[in-house]
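**Q** Given chain A, work out where chain B should sit, using these hints.
For reference, the chains in residue letters:
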Amino acid sequence: MESRHCRLFLKGTYNTLIALMMLSMADIHAAEPLERKAEQIILPELDRREIKQAAIDTEDFEIGVFGGALSIEDFGVNPVVGARLAYHISEDFFAELSIGATEASETSFEVLSGGLQLLTDDEREYYYYNVSLGYNIFHGESFFGQRAYNSDLYVIAGVGNTHFADDDNFTWNFGVGYRFIPRDWFTIHVDVRDHIFNSDILGADKQTHNLEIHAGFTFFF
Amino acid sequence: MNSAPGEKIMRIFFFCLLVSQAISSGLAQAKETYLEVIVTDPFIEMHTGPASGYPVFHVVERGEKITVLFSKTDWYKIRAKKNKEGWVHRNELRQTLTLDGKKTDFRDVSIEGFKKRQWELGLLSGDFEGAASMTLYGTYYLTPTLSTELNATHAIGNFSSSLMANVRVAAHPFPEWRVSPFFALGAGYIQTSPDGTLVSPVDRDDPMAHMSLGTHIYLTKRFILRLEYNNYKIFTSRNDNEEVEEWKAGIAVFF
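Chains as they are written, first to last, in the working numbering: chain A, 1 to 221; chain B, 1001 to 1255.
Hints are computed from structural coordinates only; laboratory data are not their basis.
A hint or two may mislead.
Claimed, not checked - Just the calculated beta-carbon pair ranges, DEER-fashion:
| # | chain 1 | residue 1 | chain 2 | residue 2 | range |
| --- | --- | --- | --- | --- | --- |
| 1 | B | Arg1107 | A | Phe61 | 17 to 23 Å |
| 2 | B | Arg1107 | A | Asp122 | 16 to 22 Å |
| 3 | A | Ala55 | B | Ser1237 | 50 to 56 Å |
| 4 | A | Asp205 | B | Ala1209 | 33 to 39 Å |
| 5 | B | Pro1181 | A | Ser113 | 32 to 38 Å |
| 6 | B | Phe1159 | A | Ala69 | 28 to 34 Å |
| 7 | B | Pro1144 | A | Phe138 | 36 to 42 Å |
To be verified - Negatives, chain A to chain B, calculated, CB over 12 Å:
| # | residue |
| --- | --- |
| 8 | Thr58 |
| 9 | Glu73 |
| 10 | Tyr87 |
| 11 | Leu97 |
| 12 | Leu133 |
| 13 | Glu141 |
| 14 | Gln146 |
| 15 | Gly175 |
| 16 | His189 |
Stated by the list, open to error - Counterexamples of contact, computed for chain B against chain A with all Cβ distances above 12 Å:
| # | residue |
| --- | --- |
| 17 | Glu1064 |
| 18 | Leu1069 |
| 19 | Lys1072 |
| 20 | Lys1077 |
| 21 | Ser1133 |
| 22 | Gly1157 |
| 23 | Pro1175 |
| 24 | Trp1177 |
| 25 | Ser1212 |
| 26 | Thr1215 |
| 27 | Asn1231 |
| 28 | Phe1235 |
| 29 | Thr1236 |
| 30 | Glu1243 |
| 31 | Glu1245 |
Bear in mind the structure is a predicted one, so any value in this text is a computation, not a measurement.
Heads up, the beta-carbon is just placed ideally off N, CA and C, and yes, glycines get one too.
Just chain A, same shape as in the assembly (with noise of 0.2 Å):
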């Protein structure tokens, strides 16, 4: 009887330790997969974070040089060369900053008259800088061929400087112009503008209308 009571509080002592032991094993069980899954949540959220809107390349500026003729009124046509940097604000409207330099020519009398001189070399030089707001007006396709490629006619509009006769001028401009793009980071420019300033370099204060042809190309980036 003794030997059979401790073989069954043996066994029952047996039973428990492992009962216990499997539960504690359950647990270390439990806990690792906890872990890992602890670890599962936080990891892939960080990676995802990073691919956002914010890190798609945006590619809104413009930027390009151009050369052509500049009618400087009084003193002939005569050949410009420039820079210009457009920040595209939507798919319509666009900031340009343009520069460009060029040399007077002589006016008539100056030619007629044989030697005689209105300006010196220096106050010849004609700098304008500007500073406009583009209105696309058309988006569409220009065809080459069989092949179509994308185009804008915009019209411009800004303010200004130009610099002529060693004198400051504030400067209105507006203007046509055509954006051929062959590729999207490639485009080619032609435009034409009127600048518009008070001049007096010819004794009285008048209005010129300075007429600009010019052609050029510009990346986006």
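**A** Showing chain B alone in chain A's frame:
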């Protein structure tokens, strides 16, 4: 003509080279971070160019995976099945999901962005005591209520023109308002050159300080209208200091 214009053209040329280098390296970097999304709208329309005026040439259906390459204003260049590439408007991407099923974050710039803007770039034009003035400025917001600014002004009068550069610190007491006033104090330098047609053309350089009152008005998208009044004190080398008042208005964009 002397050699100066030639040199200028060379400089422009090298600048363009540098820029194109920067562009290509930028594109190379961007390749690693392309975002892929799943379309959940019944369909989205692909245009040939980044504006609604360009024709629709392809449609991406629900469930298709697209790659977002880059953006131009509110438009995104995407690559769809069979390497079809085209432009979709931001609105079309609003309902897309990431590859692991989470919502994407394509939002328009709104007044919320205006309230939390960090950078501001603008052009103002106005009257500098009778002269026409133009100002280009850049502002950095240290906090929504405090900003620093650098600006350059060209004032073109009948008899002289002035170039000014100023730095200022501005306080914006109500950054959450759509019409948000500001007060600023600053200092700078002014260079005045009389017109070449006048008899005694002597340039003057003088330090200056200014006080400014104005307001920002949020218009739409990235646009801000800015109106301001400036009171400049020019510390001349002559006996009297000069006081100049300036009123101007202009448009700015923020980032």
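**Q** Could you run down the list of hints and mark each one as holding or not?
**A** Verification of the supplied hints:
1. The beta-carbon spacing between arginine 1107(B) and phenylalanine 61(A), approximately 21 Å, falls within the hinted interval of 17 to 23 Å.
2. In this structure, arginine 1107(B) and aspartate 122(A) break the distance hint of 16 to 22 Å, their C-beta atoms being roughly 54 Å apart.
3. In this structure, alanine 55(A) and serine 1237(B) meet the distance hint of 50 to 56 Å, their C-beta atoms being roughly 54 Å apart.
4. For the pair aspartate 205(A) and alanine 1209(B), the supplied restraint of 33 to 39 Å holds, since their beta-carbon distance comes to about 34 Å.
5. In this structure the supplied range 32 to 38 Å is violated for proline 1181(B) paired with serine 113(A), their Cβ-Cβ distance being about 60 Å.
6. With their beta carbons about 32 Å apart, phenylalanine 1159(B) and alanine 69(A) fall inside the hinted range of 28 to 34 Å.
7. Taken as a hint, the range 36 to 42 Å holds for the pair proline 1144(B) and phenylalanine 138(A), whose Cβ atoms sit roughly 40 Å apart.
8. Distance check for threonine 58(A) against chain B: the nearest CB is about 5 Å away, which does not clear 12 Å, and the non-interface claim fails.
9. For glutamate 73(A), the requirement that its beta carbon stay farther than 12 Å from each beta carbon of chain B is met, with the minimum near 16 Å.
10. Not every beta carbon of chain B lies more than 12 Å from that of tyrosine 87(A), the smallest distance being close to 7 Å; the non-interface claim is violated.
11. Separation of leucine 97(A) from chain B is inadequate, the least Cβ-Cβ distance of about 8 Å not exceeding the 12 Å criterion.
12. Residue placement check: leucine 133(A) does not keep its beta carbon more than 12 Å from all beta carbons of chain B (closest about 8 Å).
13. With a least CB separation of 7 Å from chain B, glutamate 141(A) falls inside the 12 Å interface cut-off, contrary to its annotation.
14. Consistency note on glutamine 146(A): stated as away from chain B, and its beta-carbon is indeed over 12 Å from all of that chain's, at 15 Å minimum.
15. Distance to chain B confirms glycine 175(A) as a non-interface residue, since its nearest Cβ pair spans about 18 Å, more than 12 Å.
16. A cut-off of 12 Å between C-beta atoms confirms that histidine 189(A) is not in contact with chain B; the least separation is 14 Å.
17. With a least CB separation of 18 Å from chain A, glutamate 1064(B) remains clear of the 12 Å interface cut-off, as annotated.
18. Leucine 1069(B), annotated as away from the interface, has a beta carbon of chain A within 12 Å; the closest lies near 8 Å.
19. With 12 Å as the threshold on Cβ separation, the claim that lysine 1072(B) sits away from chain A is violated: the shortest Cβ distance comes to roughly 5 Å.
20. For lysine 1077(B), the condition that its CB be more than 12 Å from all CB atoms of chain A is violated, with the nearest at approximately 7 Å.
21. For serine 1133(B), the condition that its CB be more than 12 Å from all CB atoms of chain A is violated, with the nearest at approximately 9 Å.
22. For glycine 1157(B), the non-interface assignment is contradicted: its Cβ lies about 9 Å from the closest Cβ of chain A, within the 12 Å cut-off.
23. Every CB of chain A is more than 12 Å from the CB of proline 1175(B) (nearest about 22 Å), matching its label as outside the interface.
24. Separation of tryptophan 1177(B) from chain A is adequate, the least Cβ-Cβ distance of about 23 Å exceeding the 12 Å criterion.
25. Look at serine 1212(B): its CB is around 21 Å from the nearest CB on chain A, clear of 12 Å, so calling it non-interface holds up.
26. Even its closest Cβ contact with chain A, about 21 Å, leaves threonine 1215(B) beyond 12 Å, as expected for a residue assigned away from the interface.
27. Here asparagine 1231(B) stays apart from chain A, with its beta-carbon at least about 22 Å from theirs, past the 12 Å limit.
28. For phenylalanine 1235(B), the shortest C-beta to C-beta distance to chain A comes to about 23 Å, beyond the 12 Å cut-off, and the non-interface label holds.
29. Listed as a non-interface residue, threonine 1236(B) keeps its Cβ farther than 12 Å from every Cβ of chain A; the least gap is roughly 20 Å.
30. Look at glutamate 1243(B): its CB is around 23 Å from the nearest CB on chain A, clear of 12 Å, so calling it non-interface holds up.
31. Listed as outside the interface, glutamate 1245(B) is consistent with that label: its C-beta sits roughly 18 Å from the nearest C-beta of chain A, beyond the 12 Å cut-off.
Checked against the numbered hints given earlier, this structure breaks hints 2, 5, 8, 10, 11, 12, 13, 18, 19, 20, 21 and 22; the rest are met.
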